[in-house]
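Novice: Numbering (the working numbering), first residue to last: 939 to 1143.
Calculated directly from the structure, the hints in this document are not laboratory data. Among these hints, one or two may not hold up.
Stated by the list, open to error - Pairs of lysine-lysine residues, derived as DSBU-like cross-links and limited to a Cα-Cα distance of at most 35 Å, are as follows: (1) K1057 - K1079; (2) K1092 - K1133; (3) K1042 - K1079; (4) K1067 - K1088; (5) K1126 - K1092; (6) K1067 - K1094; (7) K1042 - K1133; (8) K1094 - K1079; (9) K1133 - K1088; (10) K1094 - K1128; (11) K1079 - K1126; (12) K1128 - K1067; (13) K1126 - K1042.
Quick caveat: nothing in here was measured; it's all calculated off a predicted structure.
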Amino acid sequence: MKLFIDGDQSRAICNHCRKMVSLTFKRRDVPFSDKKGFAHDILVGVCDQCDHVVSIPAQSTPAISESRRKALRSIEVRLPAIYLDMLDLAAFTVEPDSTPDFRKDLLCYYIHDLAHDPKGIQRLLSAHKLSLMSYTIDTVKIPRRRLSMKVPEKLKVELQRLESESELNTTDLLKSVVFDIQRDVLQKPKPLKIKALQYLAMAAG
């Protein structure tokens, strides 16, 4: 596989000029295929006639993938403190030496898992029912804590789809995800799931 450097030249078909053209490899900001963001300063083949990007060499693919990974979306909610305590205890149970970021990794793992499980909505609604039964005592004021994390665009889309299909808002959905985690890890531990989460903790650590 040939590796190109700035200024190298080649030939390719330009879709804009609709013909074979000469091109020069230059650094450009390249939009993602879904048009949501850019990969910055990427080596690409640029048409010498119209100045449009004609080709992206294989060597630029890792940089584009890394840029897409870093194009994160924000999730911010305020949850009753007991939910974050529950999440922290589950993270500690899975791996006592895990980093503080493992809380986010645990939530992301479960959001993705629920989004791809045919029974994911059923799991969510069941967990939501349990959360309502457990922590809706009006006479007790439960402190709230802020949960803020950055997630990839793909995961944010999965979260939004779960919200739409379950008809839960972001706060109630995340509360339900935490309850689903505590069922698997704390209430009725599932050895296979815990083993998978331990590998996740090891990789994240």
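Novice: So, for every hint listed, does it hold in this structure?
Specialist: Here is what the structure says about each hint:
no. : hint          : result
1   : K1057 - K1079 : holds, 34 Å
2   : K1092 - K1133 : holds, 25 Å
3   : K1042 - K1079 : holds, 26 Å
4   : K1067 - K1088 : holds, 27 Å
5   : K1126 - K1092 : holds, 30 Å
6   : K1067 - K1094 : holds, 23 Å
7   : K1042 - K1133 : holds, 18 Å
8   : K1094 - K1079 : holds, 31 Å
9   : K1133 - K1088 : holds, 25 Å
10  : K1094 - K1128 : holds, 27 Å
11  : K1079 - K1126 : holds, 28 Å
12  : K1128 - K1067 : holds, 21 Å
13  : K1126 - K1042 : holds, 22 Å
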